[in-house]
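Visitor: Chain by chain, the residues run as shown.
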Amino acid sequence: ETGVTQTPRHLVMGMTNKKSLKCEQHLGHNAMYWYKQSAKKPLELMFVYSLEERVENNSVPSRFSPECPNSSHLFLHLHTLQPEDSALYLCASSQEDSGGGRRYEETQYFGPGTRLLVL
Amino acid sequence: AQKITQTQPGMFVQEKEAVTLDCTYDTSDPSYGLFWYKQPSSGEMIFLIYQGSYDQQNATEGRYSLNFQKARKSANLVISASQLGDSAMYFCAMRGGSGSARQLTFGSGTQLTVLP
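Protein sequences, first through last, are from chains A and B.
So the first sequence is numbered by the numbering used here: it starts at 150 and just counts up by one.
So the second sequence is numbered by the numbering used here: it starts at 1146 and just counts up by one.
The reader is advised that the hints may include incorrect statements.
[As the list claims (entries may be wrong)] Some chain B residues well away from chain A (every beta-carbon gap over 12 Å; in silico):
#: 1; residue: Gln-1151
#: 2; residue: Gln-1153
#: 3; residue: Gln-1159
#: 4; residue: Asp-1171
#: 5; residue: Ser-1176
#: 6; residue: Gly-1178
#: 7; residue: Ser-1187
#: 8; residue: Phe-1192
#: 9; residue: Ser-1210
#: 10; residue: Val-1223
#: 11; residue: Leu-1229
#: 12; residue: Gly-1230
#: 13; residue: Ala-1238
#: 14; residue: Arg-1247
#: 15; residue: Ser-1253
#: 16; residue: Pro-1261
[What the hints assert, rightly or not] Taking lysine-lysine and the DSSO-like style, the derived pairs with C-alpha atoms no more than 30 Å apart in a straight line are:
#: 17; chain 1: A; residue 1: Lys-185; chain 2: A; residue 2: Lys-171
#: 18; chain 1: A; residue 1: Lys-185; chain 2: B; residue 2: Lys-1148
#: 19; chain 1: A; residue 1: Lys-189; chain 2: B; residue 2: Lys-1148
#: 20; chain 1: A; residue 1: Lys-190; chain 2: A; residue 2: Lys-168
#: 21; chain 1: B; residue 1: Lys-1161; chain 2: B; residue 2: Lys-1215
#: 22; chain 1: B; residue 1: Lys-1218; chain 2: B; residue 2: Lys-1148
#: 23; chain 1: B; residue 1: Lys-1161; chain 2: A; residue 2: Lys-185
#: 24; chain 1: B; residue 1: Lys-1215; chain 2: B; residue 2: Lys-1148
#: 25; chain 1: A; residue 1: Lys-167; chain 2: A; residue 2: Lys-190
#: 26; chain 1: B; residue 1: Lys-1218; chain 2: B; residue 2: Lys-1161
#: 27; chain 1: A; residue 1: Lys-189; chain 2: B; residue 2: Lys-1218
#: 28; chain 1: A; residue 1: Lys-171; chain 2: B; residue 2: Lys-1218
#: 29; chain 1: A; residue 1: Lys-190; chain 2: B; residue 2: Lys-1218
#: 30; chain 1: A; residue 1: Lys-168; chain 2: A; residue 2: Lys-185
#: 31; chain 1: B; residue 1: Lys-1218; chain 2: A; residue 2: Lys-185
#: 32; chain 1: A; residue 1: Lys-189; chain 2: A; residue 2: Lys-171
#: 33; chain 1: A; residue 1: Lys-190; chain 2: B; residue 2: Lys-1148
Hints in this document: simulated from the structure, not taken from any laboratory.
Quick caveat, the model's predicted, so the values are computed rather than measured.
Glycine included, each C-beta is placed from N, C-alpha and C at the ideal position.
Next up, chain A with everything else stripped away, as it sits in the complex:
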């Protein structure tokens, strides 16, 4: 496997279900991200993990719960979702500069996404 992989690629779930999205990066990066892409809306950053520590949580509802057990794996646990949560969920990774001074240069590499439909 190369780059960033995500499973499953498609998911249909009811509002009472619990499911998890998985992301794995094979690039040796130290930061991972979850983005949400809804129809007709720009991508929205949900969570950021740097060195396995959550460093950003952009006002995401608690029905979304991220987990980063190591620098290569990132999960998004889903429970009691709403139909408006239907979207493409994209995982990304990057190599962060430890000093943080030139973070604007760091390219984020994305996975193929999981298309989620909540019924």
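On the provided structure of chain A, position chain B as indicated by the hints.
Guide: Frame of chain A, contents of chain B only:
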């Protein structure tokens, strides 16, 4: 706050011709990075090209080049010799040098269709 504007919801280009996709941005950060991504119908966001705010020369990557005009705050993507496989959604994105530096701010995208 940062903002990316892509004013072309859709563009058409004839195969083998060049096409320019527009992007303007707004930021108060003196340091920032500009990125272009391609998203085919399969959904994957594919990184194409990067331009730093302090770079003196326009970035180029194969058939992709970035026309960076800092004073006008524009970072247009030029695709030369278009191919049918270039048909996709194209997103301009920015990453600032301070504050929410980890966040990529995306534009609304341009749907490019290459005609045979």
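Visitor: Now look at each hint and say whether the structure bears it out.
Guide: Outcome of the hint check:
{"no.": "1", "hint": "Gln-1151", "verdict": "violated, 9 Å"}
{"no.": "2", "hint": "Gln-1153", "verdict": "holds, 15 Å"}
{"no.": "3", "hint": "Gln-1159", "verdict": "holds, 28 Å"}
{"no.": "4", "hint": "Asp-1171", "verdict": "holds, 14 Å"}
{"no.": "5", "hint": "Ser-1176", "verdict": "violated, 6 Å"}
{"no.": "6", "hint": "Gly-1178", "verdict": "violated, 4 Å"}
{"no.": "7", "hint": "Ser-1187", "verdict": "violated, 6 Å"}
{"no.": "8", "hint": "Phe-1192", "verdict": "violated, 6 Å"}
{"no.": "9", "hint": "Ser-1210", "verdict": "holds, 17 Å"}
{"no.": "10", "hint": "Val-1223", "verdict": "holds, 19 Å"}
{"no.": "11", "hint": "Leu-1229", "verdict": "holds, 21 Å"}
{"no.": "12", "hint": "Gly-1230", "verdict": "holds, 17 Å"}
{"no.": "13", "hint": "Ala-1238", "verdict": "violated, 8 Å"}
{"no.": "14", "hint": "Arg-1247", "verdict": "violated, 5 Å"}
{"no.": "15", "hint": "Ser-1253", "verdict": "violated, 6 Å"}
{"no.": "16", "hint": "Pro-1261", "verdict": "holds, 27 Å"}
{"no.": "17", "hint": "Lys-185/A - Lys-171/A", "verdict": "holds, 14 Å"}
{"no.": "18", "hint": "Lys-185/A - Lys-1148/B", "verdict": "holds, 18 Å"}
{"no.": "19", "hint": "Lys-189/A - Lys-1148/B", "verdict": "holds, 16 Å"}
{"no.": "20", "hint": "Lys-190/A - Lys-168/A", "verdict": "holds, 24 Å"}
{"no.": "21", "hint": "Lys-1161/B - Lys-1215/B", "verdict": "holds, 29 Å"}
{"no.": "22", "hint": "Lys-1218/B - Lys-1148/B", "verdict": "holds, 11 Å"}
{"no.": "23", "hint": "Lys-1161/B - Lys-185/A", "verdict": "violated, 34 Å"}
{"no.": "24", "hint": "Lys-1215/B - Lys-1148/B", "verdict": "holds, 15 Å"}
{"no.": "25", "hint": "Lys-167/A - Lys-190/A", "verdict": "holds, 26 Å"}
{"no.": "26", "hint": "Lys-1218/B - Lys-1161/B", "verdict": "holds, 29 Å"}
{"no.": "27", "hint": "Lys-189/A - Lys-1218/B", "verdict": "holds, 24 Å"}
{"no.": "28", "hint": "Lys-171/A - Lys-1218/B", "verdict": "violated, 37 Å"}
{"no.": "29", "hint": "Lys-190/A - Lys-1218/B", "verdict": "holds, 23 Å"}
{"no.": "30", "hint": "Lys-168/A - Lys-185/A", "verdict": "holds, 16 Å"}
{"no.": "31", "hint": "Lys-1218/B - Lys-185/A", "verdict": "holds, 27 Å"}
{"no.": "32", "hint": "Lys-189/A - Lys-171/A", "verdict": "holds, 25 Å"}
{"no.": "33", "hint": "Lys-190/A - Lys-1148/B", "verdict": "holds, 14 Å"}
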